[in-house]
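Colleague: One letter stands for each residue in the lines below.
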Amino acid sequence: MRHCMSPLDFSVDELDQLMGLAADIEENPDKYSHACDGKRLATCFYEPSTRTRLSFESAMLRLGGQTLGFASADSSSASKGESVSDTLRIISGYADICAIRHPKEGAPLVASLHSGIPVINAGDGGHAHPTQTLADLYTIKSLKGRLDHFTIGLCGDLKFGRTVHSLISALVRYEGVHFVLISPEELKLPSYIREDVLEKNGATYEETESLEDAMPKLDVLYMTRVQRERFFNEDDYVRLKDRYILDNDKMKLGREDMIVMHPLPRVNEISVEVDDDPRAQYFTQAKKAVFIRMALILTLLGIQVDKNIPQPTNNPSSEKGGEKC
Amino acid sequence: MLNISGIHEGYVLDHIKAGTSMKIYHLLKLDELKDATVAIIMNAKSKKMGHKDIIKIECPLGSIDLDTIGYIDHNITVDVIKNDSIIAKEKLALPKVLKNVIKCKNPRCITSIEQGLDQVFILTDAKKEIYRCRYCEEAYTEKETI
Ligand SMILES: [Zn+2]
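Those protein sequences? They're chains A and B, same order as listed.
Here the first sequence stands for residues 1 to 325, numbered as in this note's numbering.
Here the second sequence stands for residues 1001 to 1146, numbered as in this note's numbering.
Simulated from the structure, these hints should not be mistaken for laboratory data.
Treat the hints with care, since some could be wrong.
[Said to hold, decoys possible] Straight-line distance between alpha carbons at most 25 angstroms, and here's what the computed SDA-like set of lysine to any residue pairs gives:
#, chain 1, residue 1, chain 2, residue 2
1, B, 1103, A, 196
2, B, 1128, B, 1092
3, B, 1127, A, 213
4, B, 1127, A, 204
5, A, 188, B, 1128
6, A, 188, B, 1140
7, B, 1127, A, 8
8, A, 200, B, 1130
9, A, 241, A, 213
[As the list claims (entries may be wrong)] Here are a few chain B residues that sit away from chain A, every Cβ distance over 10 angstroms (derived from the structure):
#, residue
10, 1026
11, 1035
12, 1089
Idealized CB from N, CA, C, for every residue including glycine.
In isolation and in its complexed conformation, chain B is listed as follows (with noise of 0.2 angstroms):
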C-alpha cells in the first residue's frame, strides 16, 4: 500500500488502469493548475488489477472536475484529502453531459464545418454507457478524447 502521507489537501486517483494516467492528467487539464503538485506513479502493482497507476494531486479541494474522468473510466477511485486525513471517497458515475471532452466522428454532422461550436455529447443509455452527440444524435461508444 503506497502511503499518501504527503498530500495535506487533494485527491488520490487510485485503481486507473495502467498506462492511462498520463491521458487522465491531460484530461484533467492537471498541467493548468497553477498551484498543483502532482505525483504519477505508474504499473504499481495490484491485487486486483495485476497493474495500476496511480496520480495523486496536491491542491485546493475542488479545484478539479472529476466527472470527466468518470466518462474515461469509472473504475477510478477517488480518496479525498483535507488535513492529511481521507474525508471521503468518492465513486465516479458517468457524466450525464460531456463538454468538449469528445469530438464527433460523424462526417455529415454540423460540427464539423460550424465555428466555434462546442462538442455536446449526452449519456443517452448509461447501461450500456452510450453517449449520443447532441447535434446529430449519432452515438459514440469508443473511450476517445479529443
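One chain only, chain A, in its complex shape (with noise of 0.2 angstroms):
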C-alpha cells in the first residue's frame, strides 16, 4: 500500500507517468469515469478547505466513485478528543481511500501509520500540501510542456509560504530551474530552503524585492497571498499584504508565453483585470488539479485504466530500491 504525503515520495519518473496519466484523463474523460465504480473516498477534513475538498470530491466523483467525510472539526468525532489514529482506523472500514486535512502538523503521517487504506495529505498547517504542488507542476508541464530550462518567479510570501517552498523542492529535481525571489526583506526565503535545497541542488536563483525587475526575465509568475495568520502584529500584515499587486500595467512588462499561476483563493495581490489576459492561468491551474488528483487516486488504489499508458505503482515497497512512502 502506498500513501501521498508528500511530492518527493514520487521519483521524477514516477512523477511523469502521473502528469501523463493526468494528461490522458484531461483528453480522454470518458474513459475513466467509471473506473473508481463502487470505490469510496473519505474526505477528513478536521479544518475547512472548501476548494480543496471539492477538488477532490470532483475527482472522485468523475471516476465514477462515491464521496464521504467531514467538512470540519466541529462536525466530527474529533470535537470528543478522538485521535487521528482512532479515526483512520474507522474510516479504514468505511473507504477505500482517504484525503486529510488537518491543522496539526503531521497528522496525515499519523493517520496513516493507522490506516488499512491509502491515505493522501490534504494538507497539514504550514508543513505540506502535496496535492497542490503536484498540480502546480503538472499545470507547468501541461501548460509549458516542460518542467526543465525555465525560469520561474516566485512572489509574495516566501518566508511562510508552503506552497513555494514545497513546489521550490520538487522543481529542484529538473535540470536549468532558475528561481527568481521576489519578496520583501521581512518576508525573504528562509535560509535553510536556500542553502539545504537551492544551494544544495546545485539551483540558481536571484533575489529581488522589485516585481517590475523581474517580470521580463520570466517562463512562469507564481503569485502567493500574504497570510494575516502568520503574522503576530496586524500593523505588519496590513503594511506587506498590499506590497505585490499584479496588474495590468504590471503584466506589460512580461512576455508574451509568460503564464500567471497562483494557488488561489487570492486576496488583492492579482486585481481582477489580470483575469482577462491570456496568460493567467490560474483558473486553469485550479482545474488540472482535479485532473492530477485523478491520477493519484487511481495509481494508490492500483487502478490502471489504459494499458498503454504507465503509471507507478501502489505497491512500492515491492520494487526494486522500495521507494519511501
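Put the two chains together into one complex; each comes in its own frame, and the hints tell you how they fit.
Modeller: Structure, rendered in C-alpha cells:
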C-alpha cells in the first residue's frame, strides 16, 4: 500500500507517469468515468478548506466513485477528543481511500501509520500540501511543455508560504530551472531552503524586491497570498499584504508566453483586471488540479484503466529500491 | 588515571562533559537497572578537557542502550569490560533515530495533541547534527532531553 505524504514521495520518473496519466484523463475523460465504480473516498477535513475538499470530491465523482466525510472538526468526533489514529482505523472500514486535512503538522502521517487504506495528505498546517504541488507541476508541464530549463518567479510571502517551499523542493529535481525570488525583506525565503534545497541541488536563483524588474525574465510567475494568520502584528500584515499587486501595467512588462499562476484563493494580490489576460492561468491551474488528483487516486488504488498509459506502482516496497512513501 | 579494577563486567564512560553525568545517568535509565552497580565520578581532572565526569557501570554487557548517549555527547568514550579487562573501546555515533529522547517543540505539531504517540526524531544531517521530527519535520538543534 502506498500513501501520499509529500510530492517527493514520487521519483521524477513516477511524477512523469502521474502527469502523463492526468493528461490522458484530461483528454479522454469518458475512458475513466467508471474506473472507480463502487469505490469510496473519505474526505476527513479537520479544518475547513472548501476548495481542496471539493476538488477531491470532484475527482472521485468523475472517476465514478462516491465520497463521504466531514468538512470541519466541529462536525467530527475530533471535537470529542478522538485521536487521528483512532479515526483512521474506523474510516478504514468505511472507505477505500482517504484524503485528510488537519491543522496539526504531521497528522496525515500519523493517520497513515494506522490506516488500512491509502491516505493522501490534503494539507497539514504549514507543513505540506502535496496535491497542490502536484497540480502546480502538472500545470507548468502541460502549459509550458516541460519542467526543465525555464525561469520561474515566486512572488509574495516566501518566508511562511509552504506552497512555495514545496514547489521549490519539487522543481530543483529538474535541470536548468532558474528561480527569481521576489519578496520584501521581511518575507524572504528562509536560509535553510536556500542552503539545503536550492544550493545543495545546484539550482540557480536571484533575490529581488522588485516585481517590475523580474517580470521580463519570467516564463512562469507564481503569485502567493500573504496570510494574516502568520503575523503576530496586524500592522505588519497590513503593510506587507499590499506590497505586490499584479495589475495590467505590470503584465505589460511580462513576456507574451509567460503564464501567471496562483494557488488560490487570492485576496487582492492579483487585480481582477488581469483575469482576462490570456496569460492568467490560475483558474486553469485549479481545473488541472482535479485531473492530477484523479491520477493520484487511481494510482494509490492500483487501478490501471489503459495498459498503454504507464502509472506509478501502488506497492513501492515490492519494487527495487523500495521508494519511501 | 583512575583504575577500573572494581569492574568485572560492564562499561566505563569516560570524557563526559563535567557536570552532565547525572543527566546521562537518567537518560541511560541506570536507576532502573536492578543488578547494576554504578559509580559516578564528578569533576575529575583531565588533561584534554580540564574537568570531566566518569561513570562506571558494573552490569551484564548489552543491558544498556549506548546509542542514546551518542546523541547527547559523542565525545564520550566507552570502555567495554569483561573479566576485569577492556575488551573493546566503542566510539559513539549519532543515532539515526531517537525515540522518546527529545520532544518536539513545535506547537503546531501533531505530537502536541495526539495521545500515545512516540516522539520520533530522524537524523537528517549528520554533519550539522540536525534531527528532524518525524511528523512535522521541524529541526531540533538543542541538546535537551525529555
Ligand atoms: Zn514535530
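Colleague: Between the alpha carbons of residue 188 of chain A and residue 1128 of chain B, is the straight-line distance 25 angstroms or under?
Modeller: Roughly 23 angstroms between the alpha carbons, so the hint for residue 188 of chain A and residue 1128 of chain B holds.
Colleague: Can we confirm that no CB of chain A comes within 10 angstroms of the CB of residue 1035 of chain B?
Modeller: 36 angstroms, holds
Colleague: Assess, step by step, whether the Cα of residue 1103 of chain B is no farther than 25 angstroms from the Cα of residue 196 of chain A, and give holds or violated.
Modeller: 24 angstroms, holds
Colleague: Using Cβ atoms and 10 angstroms as the threshold, tell me whether residue 1026 of chain B really stays out of contact range of chain A.
Modeller: 27 angstroms, holds
Colleague: Regarding the assertion that residue 1089 of chain B does not contact chain A, is the least Cβ-Cβ distance greater than 10 angstroms?
Modeller: 35 angstroms, holds
Colleague: Has the given pair, residue 1128 of chain B with residue 1092 of chain B, been kept, meaning a C-alpha gap of at most 25 angstroms?
Modeller: 16 angstroms, holds
Colleague: Between residue 1127 of chain B and residue 204 of chain A, does the CA-CA distance stay at or below 25 angstroms?
Modeller: Roughly 24 angstroms separates the two Cα atoms, so the pair holds.
Colleague: Holds or violated: residue 200 of chain A with residue 1130 of chain B, Cα cutoff 25 angstroms?
Modeller: Holds - the C-alpha atoms of residue 1130 of chain B and residue 200 of chain A are around 16 angstroms apart, at most 25 angstroms.
Colleague: Is residue 1127 of chain B within 25 angstroms of residue 8 of chain A, Cα to Cα?
Modeller: 23 angstroms, holds
Colleague: Given the hinted pair residue 1127 of chain B and residue 213 of chain A, is their alpha-carbon gap at most 25 angstroms?
Modeller: 38 angstroms, violated
Colleague: Compare the distance between the alpha carbons of residue 241 of chain A and residue 213 of chain A with 25 angstroms, and conclude whether the hinted pair is satisfied.
Modeller: Holds: residue 241 of chain A and residue 213 of chain A sit about 19 angstroms apart, inside 25 angstroms.
Colleague: Given the hint that residue 188 of chain A pairs with residue 1140 of chain B, does the C-alpha gap stay at or below 25 angstroms?
Modeller: 22 angstroms, holds
When held up to the earlier numbered hints, the structure conflicts with hint 3 and nothing else.
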